[in-house]
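Chemist: Sequence:
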Amino acid sequence: MASILIVDDDQAQLTILQRILKREGYTVEIVEDSKAALENLEKQMFDLVISDMWMSSRFEGRDLLREIKRTDPDLPVLIMTAYAELNDAVNLVAHEGAFYYLEKPIQTRGALGEPEAVNDDSTPEIQIDEIIGESEQMQELFKKMARILHRGVTQVLITGETGSGKSLVARALHKNGLRKDKPFIAVNCGAIPDTLIESELFGHEKGAFTDAAQQKKGLFEVANEGILFLDEIGDLPIQTQSKLLHVLEERNIRRVGGTQSIKVDVCVIAATNKDLIQAVRDGAFRDDLYFRLNVIPLHVPPLREHPEDIPMLVNYLIDKFSNEYAEALPKQVTPQAMSALRRYEWPGNIRQLENYLRRIFVLSENEVIDKDELPPEILDTSLPTTDVEFDIPEEGVSLEEIIKEYVYSALARSNGNQIQAAKLLGISRRKLQHRMQKYELQSQDFKTEL
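With the UniProt record's numbering applied, the sequence shown covers 1 to 450.
Any given hint might turn out to be false.
Quick list of the computed label-pair ranges, beta carbon to beta carbon [said to hold, decoys possible]:
| no. | residue 1 | residue 2 | range |
| --- | --- | --- | --- |
| 1 | K22 | D319 | 43 to 49 Å |
| 2 | E365 | D74 | 43 to 49 Å |
| 3 | W54 | K217 | 47 to 53 Å |
| 4 | E60 | A2 | 24 to 30 Å |
Hints listed in this document are in silico derivations from the structure and should not be mistaken for laboratory results. Beta carbons are placed, not taken as given, at the ideal position from N, Cα and C, and that holds for glycine.
Whole structure, please, built from the sequences with the hints as guidance.
Modeler: Following this line, the structure appears as structure tokens:
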């Protein structure tokens, strides 16, 4: 279960937040100042830090955030403050590397009551046939999707590169959710002209503009009680963003040219391949809309980050094409071709993989897809192919033991300094900490006495 470190000199707030998070099944450690926080971070691996912005110690939460981002850039930090202002939130999240911003005091409703037996096991697993993957990254994605479905959230922001499968995730949330029998309406915000986007989303009254010959319902009304999928939300015109923010906050719309407010019950799933934080900095995306959308973030990893899933994806797609093209010969992929597919970076992600395989499947007259049928850009002649023999003993080797030895050697050479050891290994400090936890290695065991 995820481990969380809370830093706050307000003991009452510490207790409340600790109880809330423990009730949700998280492992929680609490400290009252930044010095103790840094000591804990050196000794133990955490998945999230929640820190107050203003503390009585000389080290403020902002300073703690900067130190964490210097030593462990991948560790998310959530900042709390009783003096919450939007400008502070934008600065901390957009410029200082904070994961999110939370206003105190923390809501106490139910926090001091009897804790419920809630943990990861209480979240039912979901079967998603359309999304393929057994890697750690994909399993984590499935777990987050299961929590979203289990808790019935009504707003999600999906991020990920082009072709990574964001629309598949959105459709899976609909298919497996409480609104599965209600409409699923998808719209690409970047594909509609700026002059028409408000009419498409919110509808218009007859005579609202020159071509408005009759009244028209917008997509929010059409999707009522269901899901509206706003794809490429980062392309939404800035003037429309304020109206979308109003809908998300008030849950009602007003048609273009109309005066009546219409209540809507819609789960909004937004998706983007853009860096919205950068868009906020550039003034292309409203900061308040970003914070409203980013309440429940869901990131789809690019294919290059989980290449171990490529063989399963390839086989799934080959079976899919076999059903689509009944006249085509059934096909298999050779190990050499599969190796080349795994090594390729896939800038277009799963969509690119599917398009390439579809083209090969349709045009090939062979029952076997070999290396010579792959597009030239996939074949990297600078890398060895799978038919190169390696000197592996008959009894085999333990890859885990080899990795453990490298981790051990790096920690010994760096005198137990995790930052230096991670640099020696060419990995992030968080990945090093995962390995240390797995191999039961402690930094202090490698510190030599002076």
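Chemist: Each of the hints needs a verdict: does it hold here or not?
Modeler: Against the structure, the hints:
1. K22 to D319: 43 to 49 Å: 45 Å Cβ-Cβ, so the 43 to 49 Å window holds.
2. E365 to D74: 43 to 49 Å: 48 Å, holds
3. W54 to K217: 47 to 53 Å: 49 Å, holds
4. E60 to A2: 24 to 30 Å: At 26 Å between Cβs, range holds.
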